[in-house]
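Using the sequences and the accompanying hints, generate a full structural model.
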Amino acid sequence: MWTYMKMLEYPVNIKTTNAKLATAIISQLGGQDGEKGASTRYLSQRYAMPDNRVVGVLTDIGTEELGHEEMVSTIITQLTKNLSMKEIEDSGFYQYYVDHTTGIWPQNAAGVPFSTATLQSTGDPIADLHEDLAAEQKARLTYDNILRLCKDEPDVYDAIKFLREREMVHYQRFGESLRLIQDDLNAKNFYAFNPAFDKKATCL
Amino acid sequence: MENMCKEELMKLIQTTNFALIELALYLDTHPECPCGLKAYHDYHHTFLEAVSVYQKRFEPLTIYGVHSDEYWTWGNEPWPWQKGCDC
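Taken in sequence, the protein lines are chains A and B. Numbering follows the working numbering, with no gaps: position 107 of the first sequence is 172. Numbering follows the working numbering, with no gaps: position 44 of the second sequence is 55.
Keep in mind that a hint or two might mislead.
From chain A, some residues computed to sit far from chain B (all C-beta separations above 12 Å) [what the hints assert, rightly or not]: (1) S156; (2) Y159; (3) Q160; (4) W170; (5) P171; (6) G176; (7) F179; (8) T181; (9) G188; (10) H195; (11) R213; (12) S242; (13) R244.
Here's a subset of chain B near chain A, in silico, CB distances under 8 Å, partners left out [claimed, not checked]: (14) M21; (15) L36; (16) D39; (17) P42; (18) N87; (19) W90; (20) W92; (21) K94.
Lysine-lysine pairs mimicking DSS-like chemistry, simulated, CA-CA at most 25 Å apart [claimed, not checked]: (22) A:K216 with A:K85; (23) B:K94 with A:K85; (24) A:K80 with B:K22; (25) A:K80 with B:K94; (26) A:K203 with A:K226.
Read the hints as simulated data drawn from the structure, not as lab findings. The beta-carbon is built from N, C-alpha and C at its ideal position, and this holds for glycine as well.
Encoded structure:
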């Protein structure tokens with residue numbers, strides 16, 4: 066189970082609204098490579114993971130991603146606080162506004178709703194950990210794209226830079242996790258069987 | 012910690028909490044590292060003390076930090092996203 070802590074993992078204190086930027090950053094909440102997908106992916110994959118150290122990695126990174134959902138949601142909330150109708154109409158935010166006002170709803174920058182169809186939990190630890198490594202890189206590049214859009218917004222830039230850095234650390238830990246799983250396999254048969262399912266097939 | 016202002020104490024909680032998150036991820040894949048374990052326990056000690064002082068002096072950070080017998084204080088203070096932009 067989880068206990069909520071009433072604070073952000075890293076402070077977000079945005080002083081200037083920017084609805085246009087909010088329409089881009091929301092991709093990191095509900096987009097293909099966003100934080101909601103990350104937490105759902107890792108926390109779902111735990112149940113088929115045969116190595117308890119790697120279950121720890123999935124639990125702790127999945128939990129941190131929940132905190133990142135809260136950070137991204139906070140960025141969107143503060144970027145869209147007290148908007149005038151003119152700002153809404155001029156910024157391109159009006160398409161989001163018509164359905165959600167300034168509430169938080171997970172979607173990507175193009176308006177496509179969050180979907181678990183963008184992620185996998187295969188029941189195969191080797192496949193899942195490769196998916197996780199790719200997911201961290203995809204999230205990292207999305208943050209890189211966002212950083213190019215918010216160079217003139219130091220409060221936003223600072224928080225996004227923190228989130229980008231976490232993708233790098235998670236990538237490192239998932240790489241080590243993959244090594245832990247592979248070290249337990251017959252070196253000739255890394256991909257010959259699913260260690261979470263084919264329990265008796267220790268060699269071919 | 013008794014003399015720190017609310018903002019300073021929250022910063023100490025956030026920084027030590029971040030150190031603990033980072034060290035926990037490291038220790039998940041390096042469970043026998045003595046330096047990592049020592050750093051974890053050092054930061055954990057500071058974190059627990061800072062949270063305890065903060066909750067006694069200011070506001071609960073988890074539901075287990077509500078101390079009042081007269082009022083459920085969980086919702087008294089702003090939530091983490093209720094800052095920025097004209098606050």
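Going through the hints against the structure:
1. S156: Answer for S156 (chain A): holds, closest chain B Cβ roughly 15 Å.
2. Y159: Given a closest Cβ separation of 19 Å, the condition holds.
3. Q160: Label holds. Min Cβ-Cβ 22 Å, cutoff 12 Å.
4. W170: holds (15 Å)
5. P171: The claim holds: P171 (chain A) sits with its nearest Cβ about 15 Å from chain B, beyond 12 Å.
6. G176: holds (22 Å)
7. F179: At roughly 19 Å from the nearest Cβ of chain B, F179 (chain A) sits farther out than 12 Å, so the non-interface label holds.
8. T181: Non-interface label stands for T181 (chain A): nearest chain B Cβ at 24 Å, farther than 12 Å.
9. G188: holds (21 Å)
10. H195: holds (17 Å)
11. R213: Check passes; 22 Å lies beyond 12 Å.
12. S242: S242 (chain A) is in fact no farther than 12 Å from some Cβ atom of chain B, at 6 Å.
13. R244: violated (8 Å)
14. M21: holds (7 Å)
15. L36: Status holds, d = 5 Å.
16. D39: holds (4 Å)
17. P42: With Cβ-Cβ at 7 Å, under 8 Å, it holds.
18. N87: Status violated, d = 11 Å.
19. W90: At about 7 Å, which falls below the 8 Å cut-off, the nearest Cβ of chain A leaves the hint on W90 (chain B) intact, so it holds.
20. W92: holds (4 Å)
21. K94: holds (5 Å)
22. A:K216 with A:K85: holds (14 Å)
23. B:K94 with A:K85: Distance of about 20 Å is within 25 Å: holds.
24. A:K80 with B:K22: holds (19 Å)
25. A:K80 with B:K94: Holds: K80 (chain A) and K94 (chain B) sit about 9 Å apart, inside 25 Å.
26. A:K203 with A:K226: With Cα atoms ~15 Å apart, K203 (chain A) and K226 (chain A) stay inside 25 Å; holds.
When held up to the earlier numbered hints, the structure conflicts with 12, 13, 18 and fits the remainder.
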